[in-house]
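Asks: All chains should be built: construct the whole structure from the sequences, respecting the hints.
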Amino acid sequence: MIDSHLHLWTLDTFVTGGVRPYGWLGPQHGALFRSFGEDEARERLEAAGVRGAVLVQADDTVADTESMLAVASRNPWVLGVVGWIRLDAPSEAAAQLHRFTAHPVFKGVRHLIHDDPRSDFLDLPNVRESLALLARQGLTFDIPDAFPRHLGSAVRLAREIPQLTVVLDHLGKPPLADPGLMESWNADFRALGREPNSVAKLSGLHLPGVEYTADALRPLFESALEVFGPQRLMIGCDWPVSILGAPYGRTLEVLLELVSSLSPAEQDAVLEGTAIRTYGLAATPLAGS
1 MIDSHLHLWT LDTFVTGGVR PYGWLGPQHG ALFRSFGEDE ARERLEAAGV
51 RGAVLVQADD TVADTESMLA VASRNPWVLG VVGWIRLDAP SEAAAQLHRF
101 TAHPVFKGVR HLIHDDPRSD FLDLPNVRES LALLARQGLT FDIPDAFPRH
151 LGSAVRLARE IPQLTVVLDH LGKPPLADPG LMESWNADFR ALGREPNSVA
201 KLSGLHLPGV EYTADALRPL FESALEVFGP QRLMIGCDWP VSILGAPYGR
251 TLEVLLELVS SLSPAEQDAV LEGTAIRTYG LAATPLAGS
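Quick note on numbering: the sequence shown equals residues 1 to 289 in the UniProt record's numbering.
Careful: at least some of the hints might be erroneous.
[As the list claims (entries may be wrong)] What follows is a list of derived Cβ distance ranges for each label pair:
1. Pro125 x Ala216: 17 to 27 Å
2. Pro264 x Glu222: 15 to 25 Å
3. Gly37 x Pro125: 35 to 45 Å
4. Ala47 x Asn186: 32 to 42 Å
5. Glu222 x Glu195: 13 to 23 Å
6. Ala89 x Glu43: 36 to 46 Å
7. Glu43 x Gln163: 31 to 41 Å
8. Arg218 x Gly180: 14 to 24 Å
9. Gly229 x Glu253: 34 to 44 Å
10. Ala214 x Asp123: 13 to 23 Å
Calculated from the structure, these hints are not laboratory results. C-beta: ideal position from N, C-alpha, C; glycine also.
Replies: Right, here's the structure in full:
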């Protein structure tokens, strides 16, 4: 398989203006509050039989993107990089894209919208202008932790810029333990799935109040299959954030148990084919993808 969602960070490498990077991460995160580097990531992937991964930004900084691109230049297992640009400043975004797209492994952009105080971030005219530029360049846009503030905006974005591939990380973070909120999530999730330029990741599913087992997550998986189908679903472990819920191997094991109910061709799509097609990865898909 290809892991479509993996992070790396080094907490003591970049300090700009006295500000520590990854400001969302602190001692309250326990085992997550340390550096996670390329060698450790490679060991996890190899042990699990994963042949490659897409690195995804974890900080809204150019430095984080530059670090991932440097890792990619040293490690053939890095098949793609989803980085960050300043979406709310189109001229700056264009200059950053010009620089980053010189690296063939740069495949898309993400912004930590759940940490941004602007609830209307995806609807801002400057942001839309930058996202239209992504679409013209064939780059994707990942949206993390969309529910509850941004899932409706994601629907509007996909509908109004149909040339842009909108990637919904972590199934939009469904509130599975709260039936009342699930109704709202389900309505927006299904609306997004009706837009053909949308794709969803089976990732980040260590959800509050929900046991991390295939049985507990099966209703979500079945909903995702119904809405997106295997050709628009991809698998990702969200390491190292996932270690707060389970080790890499266990996180993957549960996802693979869910996917095992599919036909061989459908499994190939979820495990590799969708990621290869969505991000334009330089990898030969498995038969049937």
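Asks: Taking the hints in turn, state whether each one holds.
Replies: Here is how each hint holds up against the structure:
1. Pro125 x Ala216: 17 to 27 Å: For Pro125 and Ala216 the Cβ distance comes to about 41 Å; the hint is violated.
2. Pro264 x Glu222: 15 to 25 Å: Because 19 Å falls inside the window, the suggested range holds.
3. Gly37 x Pro125: 35 to 45 Å: holds, 39 Å
4. Ala47 x Asn186: 32 to 42 Å: Roughly 36 Å apart at Cβ, these two residues keep to the hinted range, so it holds.
5. Glu222 x Glu195: 13 to 23 Å: holds, 20 Å
6. Ala89 x Glu43: 36 to 46 Å: The hinted range 36 to 46 Å holds for Ala89 and Glu43, with Cβ atoms some 38 Å apart.
7. Glu43 x Gln163: 31 to 41 Å: This hint holds: roughly 39 Å between Cβ atoms.
8. Arg218 x Gly180: 14 to 24 Å: Cβ of Arg218 to Cβ of Gly180: about 21 Å, so the range 14 to 24 Å holds.
9. Gly229 x Glu253: 34 to 44 Å: About 24 Å separates the Cβ atoms of Gly229 and Glu253, which means 34 to 44 Å is violated.
10. Ala214 x Asp123: 13 to 23 Å: violated, 37 Å
Of the hints listed earlier, those the structure fails to meet are numbers 1, 9 and 10, in rising order.
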